[in-house]
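Please model the entire structure based on the sequences and the hints provided.
Taken in order, these protein sequences are the chains called H and V.
With the numbering used here, letter number 59 in the first sequence gets 59, and the count goes up by one each step, no holes.
Take any residue in the second sequence, count from 1 to its spot, add 419: that is its number in the numbering used here.
Hints were generated in silico from the structure; no laboratory data involved.
Fair warning: there could be bad hints in the mix.
What the hints assert, rightly or not - Footprint (simulated), chain V over chain H, 3 or more residues, beta carbon under 8 Å:
1. 237 to 247
2. 329 to 339
Claimed, not checked - Simulated DEER-style distance windows between Cβ atoms:
3. H:Y418 with V:E567: 31 to 37 Å
4. V:Q630 with H:W19: 47 to 53 Å
5. V:G463 with H:V30: 40 to 46 Å
6. V:S554 with H:F401: 28 to 34 Å
7. V:D661 with H:W19: 46 to 52 Å
8. V:G570 with H:P382: 24 to 30 Å
9. H:F401 with V:S499: 49 to 55 Å
Since the model is a prediction, treat every value here as computed from it, not as a measurement.
Ideal Cβ positions, reconstructed from N, Cα and C, are used throughout, including at glycine.
In case you want the letters, here they are:
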Amino acid sequence: MKTLARFFYELTESVRIAWAQIRANKMRSVLTALGVIIGIVAVTLMGTAIRGIDAGFENSLAMLGDDVLYVQKWPWGPVEDWWNYVNRPPIQPSDAERLNRIIEDTPNSLLQVAVPVAGRGNSVKAGDAQVDGIYVFGTTADYVRISGVDYSEGRLFNELESNGGRSVCVLGYDVAEALFPGRSALGGTVTVSGHPLTVIGVIAKQGEFLGLFSFDNQLIMPLNAFRKMFSIRGRTDLRVKVMDKTRLLQAKDELVGAMRRVRGQLPGERDNFTINEQQAFKAQLDPVKRGIALAGLFITGLSLFVGAIGIMNITFVSVKERTKEIGTRKALGARRRTILLQFLVEAVSICLIGGAVGMGVAYAVFLGIRFQMPVIPVEFSPDLVVISMVVSVVTGVISGFAPAWGASRLDPVVALRYE
Amino acid sequence: MIPPPPPPTHLKRTVRPRGALVIDIEGVTKLYHMGEETVHALRGVALQVHRNEYLAIMGPSGSGKSTLMNMLGCLDTPTSGHYQFNGKDVSNMSDDELASIRNREIGFVFQTFNLLPRSTALHNVELPLIYAGMSPAERRARARETLENVGLGDRMLHKPNELSGGQRQRVAVARALVNRPSIILADEPTGNLDSKTGEEIMQLFDQLYEQGNTIIVVTHEEDIARHARRAIRLHDGLIESDRSTDV
Numbered sequence: 001m002k003t004l005a006r007f008f009y010e011l012t013e014s015v016r017i018a019w020a021q022i023r024a025n026k027m028r029s030v031l032t033a034l035g036v037i038i039g040i041v042a043v044t045l046m047g048t049a050i051r052g053i054d055a056g057f058e059n060s061l062a063m064l065g066d067d068v069l070y071v072q073k074w075p076w077g078p079v080e081d082w083w084n085y086v087n088r089p090p091i092q093p094s095d096a097e098r099l100n101r102i103i104e105d106t107p108n109s110l111l112q113v114a115v116p117v118a119g120r121g122n123s124v125k126a127g128d129a130q131v132d133g134i135y136v137f138g139t140t141a142d143y144v145r146i147s148g149v150d151y152s153e154g155r156l157f158n159e160l161e162s163n164g165g166r167s168v169c170v171l172g173y174d175v176a177e178a179l180f181p182g183r184s185a186l187g188g189t190v191t192v193s194g195h196p197l198t199v200i201g202v203i204a205k206q207g208e209f210l211g212l213f214s215f216d217n218q219l220i221m222p223l224n225a226f227r228k229m230f231s232i233r234g235r236t237d238l239r240v241k242v243m244d245k246t247r248l249l250q251a252k253d254e255l256v257g258a259m260r261r262v263r264g265q266l267p268g269e270r271d272n273f274t275i276n277e278q279q280a281f282k283a284q285l286d287p288v289k290r291g292i293a294l295a296g297l298f299i300t301g302l303s304l305f306v307g308a309i310g311i312m313n314i315t316f317v318s319v320k321e322r323t324k325e326i327g328t329r330k331a332l333g334a335r336r337r338t339i340l341l342q343f344l345v346e347a348v349s350i351c352l353i354g355g356a357v358g359m360g361v362a363y364a365v366f367l368g369i370r371f372q373m374p375v376i377p378v379e380f381s382p383d384l385v386v387i388s389m390v391v392s393v394v395t396g397v398i399s400g401f402a403p404a405w406g407a408s409r410l411d412p413v414v415a416l417r418y419e
Numbered sequence: 420m421i422p423p424p425p426p427p428t429h430l431k432r433t434v435r436p437r438g439a440l441v442i443d444i445e446g447v448t449k450l451y452h453m454g455e456e457t458v459h460a461l462r463g464v465a466l467q468v469h470r471n472e473y474l475a476i477m478g479p480s481g482s483g484k485s486t487l488m489n490m491l492g493c494l495d496t497p498t499s500g501h502y503q504f505n506g507k508d509v510s511n512m513s514d515d516e517l518a519s520i521r522n523r524e525i526g527f528v529f530q531t532f533n534l535l536p537r538s539t540a541l542h543n544v545e546l547p548l549i550y551a552g553m554s555p556a557e558r559r560a561r562a563r564e565t566l567e568n569v570g571l572g573d574r575m576l577h578k579p580n581e582l583s584g585g586q587r588q589r590v591a592v593a594r595a596l597v598n599r600p601s602i603i604l605a606d607e608p609t610g611n612l613d614s615k616t617g618e619e620i621m622q623l624f625d626q627l628y629e630q631g632n633t634i635i636v637v638t639h640e641e642d643i644a645r646h647a648r649r650a651i652r653l654h655d656g657l658i659e660s661d662r663s664t665d666v
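Quick look at the structure:
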């Protein structure tokens with residue numbers, strides 16, 4: 001108990017000395033901390049970028065509906081045995097109707113609803129204005145049940161419009177902005193491949209996420225209208241919403257069984273469709289995240305290394321300058337541990353200041369990116385603060401240890417005589 | 420007419436009865452290796468110091484008095500021989516054990532004061548108590564009391580550079596006293612002071628002696644040594660003489 005109390009008093013004394021020392025040598029301390037500042041900025045920004053990607057992706061998934069399974073002819077990602085897939089019969093909109101009937105007839109089904117979607121890249125015109133490369137797709141009124149998007153104006157088409165194949169559409173935010181700059185798109189007419197469509201809704205701006213997916217440059221129309229204009233053969237897939245996304249695997253099993261019934265497949269026959277899920281997307285981002293992490297770690301490591309050497313150097317200087325003080329303290333009863341602690345605390349304090357400044361700089365950069373370049377996903381989180389502080393402390397301890405150890409071993413007689 | 424000089428203070432002094440044995444040194448030698456050469460700083464010194472003594476250690480430079488002082492102060496250990504402090508053998512103690520002895524049993528006063536420049540007088544005096552593990556409230560009270568005792572009650576929150584040389588040395592004396600050590604070990608305590616201030620500091624030591632402290636002063640000045648009740652003279656690493664300073 002006594003030892004603990006003494007340790008605490010020695011620690012507070014060390015902190016006091018360290019702060020006095022840093023205050024007395026402001027410029028030197030700041031310059032020394034520079035390496036740590038850069039390191040912490042690097043590690044924090046890396047963290048915000050990686051977290052930003054994750055959060056952005058989660059957002060995109062939520063936009064698409066993260067509880068949605070995709071019934072498609074082809075699996076996502078590369079396939080080597082393409083011949084096993086090419087002759088599969090295409091997915092039909094009628095498959096969705098049959099699937100929905102099966103879902104309704106199944107008690108406690110894990111599936112909610114199936115929606116057919118057929119789409120293609122196309123240009124969209126309104127008067128003289130034209131935008132190219134818009135993802136134009138047709139679906140049914142049930143689409144509203146699987147996608148969690150907000151509308152800045154209007155609404156999605158209803159069942160009546162959907163079934164009737166009415167010439168209406170919903171525009172993504174950027175499309176509406178491009179074709180109807182400065183005015184409401186609602187009620188306006190756009191042309192897709194020569195077919196006029198009345199705008200009945202505009203989707204709220206979603207922002208872009210690394211160009212992966214965004215509703216902002218899409219156009220949604222009733223599937224029955226879409227199929228009047230384009231062939232839907234080979235372009236249709238089904239989106240199936242599950243009841244509970246924590247039980248995605250069981251839902252997938254149920255969906256496979258239901259689809260086999262829809263497709264009239266015999267037992268033993270291989271599935272002639274693929275169930276895709278969005279989690280597969282996520283895997284594609286891993287190399288990007290790894291790249292950022294590697295680059296970030298490299299910069300962090302390098303600058304922390306340089307910073308650590310700087311701090312080691314300054315601590316050596318500090319020990320040298322205060323050799324006589326060390327001698328005095330030893331004469332007054334400071335143990336080795338006390339002296340070691342004193343100089344370690346000093347090195348750690350400089351690092352902590354560097355860490356705090358680095359965090360501030362990183363936060364400013366983060367705010368700058370967020371407001372100036374919203375395309376780049378960044379996300380700040382409290383655990384980054386913790387990580388930075390831990391990194392700072394560890395750097396301080398590592399770099400301060402050698403000089404502090406040397407100080408603690410000084411012979412008091414020699415130290416007292418030092419001028 | 421020049422007025423007659425006042426009688427020297429040491430003429431009207433008391434000699435307090437010796438107490439228990441504090442320092443017991445027997446056959447102590449100390450060798451230093453300076454490159455090729457071996458220096459015999461102490462060549463077999465025997466010395467006993469009791470509680471309530473007021474001892475001066477004298478000798479020219481190179482006589483070994485600094486080495487002896489370091490030894491007595493447990494800053495250094497002998498090459499051979501025995502050193503018992505309050506009955507405990509310190510010849511073979513570890514660094515940290517020695518630190519603990521210095522902290523509790525020895526109060527150092529240095530020629531160059533050795534105060535922490537950025538700390539107040541109060542904090543400087545508190546320092547040994549911090550190393551002793553005393554709680555902040557307790558040590559502050561003790562440090563205050565000690566500073567008042569050396570006549571610096573009104574300078575507690577001044578930093579060393581705001582104090583005169585004599586005041587600084589008083590702070591150092593307070594720091595030496597604060598842990599109530601068995602001995603006060605002063606190394607040329609007046610060496611950096613003018614003679615008047617030096618005399619004041621020596622009077623402070625006299626007063627501390629009267630109050631029951633055991634004091635060892637290392638000096639090469641006869642005037643300073645005369646304040647002590649006993650003086651030993653070192654020459655070439657040996658004690659040349661050991662006698663009472665009574666006239």
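Here is how each hint holds up against the structure:
Under a criterion of three residues with beta carbons nearer than 8 Å to beta carbons of chain V, the stated coverage of the segment 237 to 247 of chain H fails, only 0 such residues being counted. Proximity of the segment 329 to 339 of chain H to chain V, defined as three or more residues with a beta carbon under 8 Å from a beta carbon of that chain, is established by the 10 residues found. Hint check: H:Y418 to V:E567, Cβ distance near 33 Å, so the stated range 31 to 37 Å holds. At about 37 Å, the beta-carbon gap between V:Q630 and H:W19 misses the expected band of 47 to 53 Å.
Evaluation of the 40 to 46 Å hint for V:G463 and H:V30 yields a failure: the beta carbon distance comes to about 56 Å. At roughly 30 Å, the beta carbons of V:S554 and H:F401 sit within the given window of 28 to 34 Å. For the hinted restraint 46 to 52 Å between V:D661 and H:W19, the CB-CB distance of approximately 49 Å keeps it satisfied. Look at V:G570 against H:P382: about 55 Å separates their beta carbons, and that is not inside 24 to 30 Å.
As the Cβ distance of H:F401 to V:S499 is approximately 36 Å, the hint placing it in 49 to 55 Å is violated.
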